[in-house]
Structures are given as structure tokens and as C-alpha cells.
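One-letter residues, chain by chain:
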Amino acid sequence: MAWQTINRNEPVFDADAPPVLSEAVREKIRSFFPRYDTKRAALLPALHVVQDTLGHVSWKAMAEIAEVLDIHPSDVFDTMSFYTHFWNHPKGEKTITACRSITCELLGGREVLDAIKKHLGIDEHETTPDGKYSLVTEECLAGCDHSPCMLINEKLHKRVRAADVPALLAAADNDKIDIPRSTLFDAPQESQRAGSGSADGKTDDQVGTNVAE
Amino acid sequence: MADYEPVLLRNVGVDGSRTLDVYRARGGYKAAEKVVKDMTADDVIDEVKRAGLRGRGGAGFPAGVKWGFLPKGRKRTLLCVNADESEPPTFCNRVLMEHDPHQVIEGIIIAGYATRAQIAYVYMRVEFHEQFHIMQNAIDEAYAAGLLGKNILGSGYDLEVYVHRGAGAYVCGEETGLIESIEGKRGYPRIKPPFPAVEGLFRMPTVVNNVETLANLPHIIERGADWFLGIGTPSSAGPKLFCVCGPVNRPGCYEAPMTITCEELIMGDAFGRGMTDNLPVKAVFPGGTSMGVITGDELQMKMDFDDPRNFGMLGLGTAAAVVVNNKTDIRAVLRNVARFYALESCGQCTQCREGTNWMYRIASRIEHGAGRIEDLDLIEEVAGRMGMMPGLSICGLPDGATFPIQGIVRKFRGELEEHIANQEPGKAEAVLSVLN
Ligand SMILES: Cc1cc2nc3c(=O)[nH]c(=O)nc-3n(C[C@H](O)[C@H](O)[C@H](O)COP(=O)(O)O)c2cc1C
Ligand code: SF4
Ligand code: FES
Numbered sequence: 021m022a023w024q025t026i027n028r029n030e031p032v033f034d035a036d037a038p039p040v041l042s043e044a045v046r047e048k049i050r051s052f053f054p055r056y057d058t059k060r061a062a063l064l065p066a067l068h069v070v071q072d073t074l075g076h077v078s079w080k081a082m083a084e085i086a087e088v089l090d091i092h093p094s095d096v097f098d099t100m101s102f103y104t105h106f107w108n109h110p111k112g113e114k115t116i117t118a119c120r121s122i123t124c125e126l127l128g129g130r131e132v133l134d135a136i137k138k139h140l141g142i143d144e145h146e147t148t149p150d151g152k153y154s155l156v157t158e159e160c161l162a163g164c165d166h167s168p169c170m171l172i173n174e175k176l177h178k179r180v181r182a183a184d185v186p187a188l189l190a191a192a193d194n195d196k197i198d199i200p201r202s203t204l205f206d207a208p209q210e211s212q213r214a215g216s217g218s219a220d221g222k223t224d225d226q227v228g229t230n231v232a233e
Numbered sequence: 110m111a112d113y114e115p116v117l118l119r120n121v122g123v124d125g126s127r128t129l130d131v132y133r134a135r136g137g138y139k140a141a142e143k144v145v146k147d148m149t150a151d152d153v154i155d156e157v158k159r160a161g162l163r164g165r166g167g168a169g170f171p172a173g174v175k176w177g178f179l180p181k182g183r184k185r186t187l188l189c190v191n192a193d194e195s196e197p198p199t200f201c202n203r204v205l206m207e208h209d210p211h212q213v214i215e216g217i218i219i220a221g222y223a224t225r226a227q228i229a230y231v232y233m234r235v236e237f238h239e240q241f242h243i244m245q246n247a248i249d250e251a252y253a254a255g256l257l258g259k260n261i262l263g264s265g266y267d268l269e270v271y272v273h274r275g276a277g278a279y280v281c282g283e284e285t286g287l288i289e290s291i292e293g294k295r296g297y298p299r300i301k302p303p304f305p306a307v308e309g310l311f312r313m314p315t316v317v318n319n320v321e322t323l324a325n326l327p328h329i330i331e332r333g334a335d336w337f338l339g340i341g342t343p344s345s346a347g348p349k350l351f352c353v354c355g356p357v358n359r360p361g362c363y364e365a366p367m368t369i370t371c372e373e374l375i376m377g378d379a380f381g382r383g384m385t386d387n388l389p390v391k392a393v394f395p396g397g398t399s400m401g402v403i404t405g406d407e408l409q410m411k412m413d414f415d416d417p418r419n420f421g422m423l424g425l426g427t428a429a430a431v432v433v434n435n436k437t438d439i440r441a442v443l444r445n446v447a448r449f450y451a452l453e454s455c456g457q458c459t460q461c462r463e464g465t466n467w468m469y470r471i472a473s474r475i476e477h478g479a480g481r482i483e484d485l486d487l488i489e490e491v492a493g494r495m496g497m498m499p500g501l502s503i504c505g506l507p508d509g510a511t512f513p514i515q516g517i518v519r520k521f522r523g524e525l526e527e528h529i530a531n532q533e534p535g536k537a538e539a540v541l542s543v544l545n
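Order-wise, the sequence lines are chains A and B.
Note that our numbering has the first sequence beginning at 21, numbered continuously upward.
Note that our numbering has the second sequence beginning at 110, numbered continuously upward.
Think of the hints as simulated: they come from the structure by calculation, not from any bench.
Incorrect hints may appear among the rest.
To be verified - Pairwise CB distance ranges, derived in the manner of DEER restraints:
no., chain 1, residue 1, chain 2, residue 2, range
1, B, Asp406, A, Gly151, 31 to 41 Å
2, B, Gly122, A, Ala192, 46 to 56 Å
3, A, Glu113, B, Asn358, 35 to 45 Å
4, A, Glu131, B, Arg418, 36 to 46 Å
5, A, Glu131, B, Asn435, 16 to 26 Å
To be verified - Here are the simulated lysine-lysine pairs, DSS-like style, with alpha carbons at most 30 Å apart:
no., chain 1, residue 1, chain 2, residue 2
6, B, Lys181, A, Lys138
7, A, Lys178, B, Lys391
8, A, Lys138, B, Lys184
9, B, Lys436, A, Lys137
10, A, Lys59, B, Lys184
11, B, Lys294, A, Lys114
12, A, Lys175, B, Lys181
13, A, Lys59, B, Lys181
14, B, Lys294, A, Lys111
Said to hold, decoys possible - To list a few chain A residues with every Cβ distance to chain B over 10 Å, as calculated:
no., residue
15, Ala61
16, Ala83
17, Arg181
18, Pro186
Remember, it's a predicted structure, so these values are computed and weren't measured experimentally.
Glycine included, each C-beta is placed from N, C-alpha and C at the ideal position.
Please put together the full structure from these sequences, using the hints given.
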């Protein structure tokens, strides 16, 4: 989605508050620079890393990203507001992304969405009061061979039935994927050197990837 | 078609198909090695041109010809791999990346070498989480094996491959929207010319190719252009992936020559295996929704680059078919499709922004039982006045809205008129006061 604005209200920007991006996060953002001709091109990676670190990208975080990338804060918001994936107010621990496109709708997607709304007591773009779940819809998730489908964080759930929704949402591990992950766009991890890209604990030098000299 | 031997999907279902070892054991990376060691860039371009490989991303433009547009004396080339796959109901790129990531990487190496690119960006939609991890891990593996990075396989050719994750915007699949998005901007498509081959990413000569297009390259190199031309027809040559989904017995991604008909894709034993509960087919969007719609009486349409035009379609598109059965209210389909384009229009062209949203409002009121008979002419008129084809917009998104929406209204006009005629009196006023 693009030009239509969704609710992005967020607490007023307090310029004097302490920085929200740690040096490790800044370093991780900078580790993307060698990949591109401009620093600005590291903006989407930066937004991914920051959202993974803080849960959302606040005004303050945007201003700090702008500082790292040497661009104006309004450029950060301009880009960020175009993409549905980024939140500038806090979201739940888990985000449900339900598909609303044609194949899923033909196979019961509307009923699944209604069941989620009813079960959680929230509407689209809302978060449950306990901060556990946020709900959004997206267009086709390219999983139409398994319609109706939805994501819970990274995990794609296939052939979901409205009746399965309560059990699915109650399962603690419903957002876990069971393949080796790459942490390239994740928050920097304590044990890892910033910018390391591999899930198996290898550093960049060992796998020879990600960051060119 | 029963004896067709899959090529692009040959590793799907094989144990460990994601790993370099298995890929290599099954003949992988031989083509890339041959290219970087024994062929010149022009040799590769000539072979791909001779094969007539047409882009699989939707437009069907010949890949070799596109590469040929790169300026002769250029200093740098950038390659962008279009893994944004957001056209409903398309998922064949996902299948390729999920099951056989090294085939895609091998294609990237070959395209990179042919275009003399030293960096390839794989622009992948963010909703591809598992696929991102799979691709990134495969890329890491390829680097470790000397297949990517500096001096690939000792050939002197360098190629860095970086995955760039999108963030939820269909229009970033449009090649110049994709470029803007990599540059850290809104995914606003650019006015062309200049075409990316001349001035693209970071204003450098740039090639954008779809994942499936690239997956064909190792096979063209290994088996030769003549083998490729021996599959399908001269203008629709080579293996092709088809998606079929909706209320069919076996939804999935299947490989076939482009001589297959829509009917065979839905009904064939090797494909969709017929409709769930044997319900009749009411409509099919056979090329992704953007290409338009055919009725259950038009299933003889061939899934190639030419025949769809004979059925009022824009083209083959992504060759992904969603089937609608006779239990479905066509009004709901109209509204769902119209909403997609309304919400995904990037908004920079007035005709597209207003037109797609106007059509969505009309479709909504028709679905809610508040249609007006003149709405059908109106929606057709709006659809005809906003696209790139009549020169009113920057990119092809609104044309992709025109074809399905006009198609539905033209081909299912009788049903829509009947619904409107049978609306509850007074409902229109009530609904319109909420919708408008
Ligand atoms: C609105 C719009 C969305 C598009 N989305 C995609 C996409 O998701 N994936 C893709 O490969 N091509 C997409 N395309 C087509 C690309 O612009 C481009 O033609 C294609 O990536 C070129 O690759 P190919 O020549 O290998 O097919 C889209 C085009 C338009 C107008
Ligand atoms: S035609 Fe539509 S989607 Fe394409 S650039 Fe214009 S407003 Fe954006
Ligand atoms: S329509 Fe839901 S995944 Fe494609």
C-alpha cells in the first residue's frame, strides 16, 4: 500500500530524550553501506534492523537513522510511510498478517479474518490490550497454493480454517520457523559482531559474504 | 504432456535440494563454470538471444535483447533480481527459491557475467521470510565455495550478491519502482525513457530480471538454445512454470511447455486435477489477476505469449491461474480485484490513483447491493481512461487493473445487471450514505 495513510499516531517527539539506537545498531546499519553506492540505499535495511530492535520505528529512531545515513529525517519518514511493513507506534509481540487477496478470499479468508478479530477483540491495525498481538491484512502473500493463509511474524500458516483460529493463536510457538535463520536484518546480537549475517554463528569472514571491503 | 520431464522443478522434492552438495551432485553449477571459464559475455548473450528466452516476470520481453540495450562503453552494470512476486495469485518464484535456491544463484551468476555486472541485488518481498533465510543461507554457502565473491572459480570474474528486502508494496515489483526502493526511496516508478538499461539503479546501466527468467539460464547454457527452442512454440519457447489455485483439487506450481491450455492446467491429472466437488468453472484469471479474465467457456485458451490476446486479455502475465467456481458471487470477485489495485496504486499519477479508487468504490457499492445500472458503463469508462497504454500513467499497474475489471464487467454483465435489478429497494440510499 502506498498513498493512503494508516493510523500512525505516536507520542510526541521528545528531542531531549536519550538516544534510542545503541552503538551496535548504528554499527549494524553502517555495515550495509559497502553494499550500495549511496548511504540512503541502506534505509530499508536500517528500518528493518531498527524495527527488529525496538519493535517499531519511533520519531526519535527516525531522526537517529537520518543522522547515521546523512539524510534529512523527513526523508526517512517519507520512505517509511510508503511501506506497510513499518510501524511508527508500538506493535504487539506478534503481528498477524492475514491475506485478503482473491484466492484466499475464495477459500474462506474473510471468515478466518473475522474469526481472528472476534477471538482477539481487535480490528485491523490494532493491538490487543495485553500487547500480545497486532493484526493487519496484506495483499496476496504468494502462498495461494495453501490458501487461506496468514503470517504470524515470520511463520506462514497454511490452509487456515476459521475454526482453527483459537487454537492457533493460543499456541506459544506459532511464530517459530523451523529452518536455519539468517540474522542479517535482525537486531544486532550481543554475542555476534555487528553486521554478521549467518545464523549458524559463523562470522562474515568465515562465510565470505555480506559485507564487501 | 504426461511425458514432459521437468527441468526448472527437477530438484523439487529431492532430499536436501536446498544444499549446495545436492545441487552440485545433480549437475548444478556446471553451466556457471562453463560460462565464467570458457565463454565470453557476448557468447552468452548470443546463446540466450538465439533461445528467444522471454522474461517470465510478466511482460515477456526477450532477455537477451534487453541485455543488448546496455550501452557499449559502460563502466559498470548492476543486476537486479526481481523476487518481489506480489501479483495475485503468483507463487512460482517462491517455489523456486524455497526448493532450489542454488538454481536461482546459478542463473544470477550467468546473467551477471553476460551483462558484466559485479553486483546483483535480489529484491525480495518482505513477506518471504522463510525464503529469505533459505536464499541468504544458500548465498552464504555459494560464497564459501568460491561461487560468488571475488574471482569466481578462479576465472577472474567478481560478483557480489546482496539480498535487499522490500517492505510491503506491490508496485516495487515494477522494475523502476524496484530501483527507487533499493535507493531508499518510496517505490515510485520512474518515467521511461530513460530505460534502466541506460540509466537505472544509482543512475548506472541496470538490468532487472525475474527469478524464473534467471532459473532458465543454466539449462540454456548446458543444453543449448536448440533444446530450448524444441520445447513449446517458436514465440513461446522453453519450459514454463504455471500456478493454479482456488477451488481446485490440487493447487500448485507445475512445469509444462507453453502449449498447455487453461483447461488442461485446471483439469489435467498432472496439474490441478479438476474442480473441488466437480463444480463448474465460472471464471479464470489465468495470468495473474492483472491480465484479465476468461469464462468457463473459454478454457481452450493456450497458456502462451500470444493466445491470451484472442480472449481479450492483456497477455500471459505471470501464468498464474486462479479459478472461480459457479457458487461464487461475481460481485465479490470484482470488489476484491478492484481493491487490490486501489490500495496498491502508488498514487503519483492522478488518473491511476483516482481511477483505481473510483472503481473500488463502484465495485463496493455493487457488492453491497447498492449498485446503479449506469455504474457498469461508468466503471468500464473509468477503466479505459487511466492506464499507461493510453498514455495517462507512468507504469503498467493501472492497465493491470483495467483488464480484469473491464473483463469482469464485459463478460459477466448479465449477472451484474441481474443483481442490480434485484437489489432491495431503499438499500442503495442506505449503503451509499456510508460508502461515499
Ligand atoms: C505494477 C507492476 C508490478 C510488477 N511486479 C513484478 C513482480 O513482482 N515480479 C516480477 O518479476 N516482475 C514484476 N513486474 C514486471 C517488471 O516490471 C519487469 O518487467 C520484470 O521484472 C522484468 O523481468 P523479466 O524480463 O525477466 O520478466 C511488475 C510490473 C508492474 C507494472
Ligand atoms: S501508474 Fe499508478 S502505480 Fe504506476 S506510477 Fe502511476 S500512480 Fe503509481
Ligand atoms: S491470495 Fe492469499 S496468498 Fe495469494
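Does Lys436/B pair with Lys137/A here, judged by a C-alpha cut-off of 30 Å? Status holds; Cα separation ~26 Å.
Would you assess whether Arg181/A, listed as outside the interface, keeps its beta-carbon beyond 10 Å of every beta-carbon in chain B? Check passes; 15 Å lies beyond 10 Å.
Lys294/B paired with Lys111/A [C-alpha distance capped at 30 Å]: holds, 24 Å
Assertion that Ala83/A lies outside the chain B interface [Cβ separation over 10 Å]: For Ala83/A, whose nearest Cβ neighbour in chain B is about 16 Å away, the distance exceeds 10 Å, so it holds.
Checking one constraint from the list: CA of Lys294/B to CA of Lys114/A, max 30 Å. Satisfied? holds, 27 Å
Mind checking the alpha carbons of Lys59/A and Lys184/B for me, to see if they're no more than 30 Å apart? holds, 21 Å
Kindly confirm whether 36 to 46 Å is satisfied by the beta carbon distance between Glu131/A and Arg418/B. 37 Å Cβ-Cβ, so the 36 to 46 Å window holds.
Lys175/A and Lys181/B were given as a pair; does the straight-line alpha-carbon distance stay at or below 30 Å? violated, 46 Å
Confirm or reject the statement that Pro186/A sits farther than 10 Å, beta carbon to beta carbon, from all of chain B. Holds, since 24 Å exceeds 10 Å.
Starting from the hint 35 to 45 Å, judge whether the C-beta atoms of Glu113/A and Asn358/B obey it. holds, 38 Å
Holds or violated: Lys178/A to Lys391/B, with C-alpha atoms at most 30 Å apart: holds, 25 Å
With the threshold set at 30 Å, check whether the alpha-carbon distance from Lys181/B to Lys138/A stays at or below it. violated, 61 Å
Consistency note: the structure conflicts with the earlier hints numbered 1, 2, 6, 8, 12, 15.
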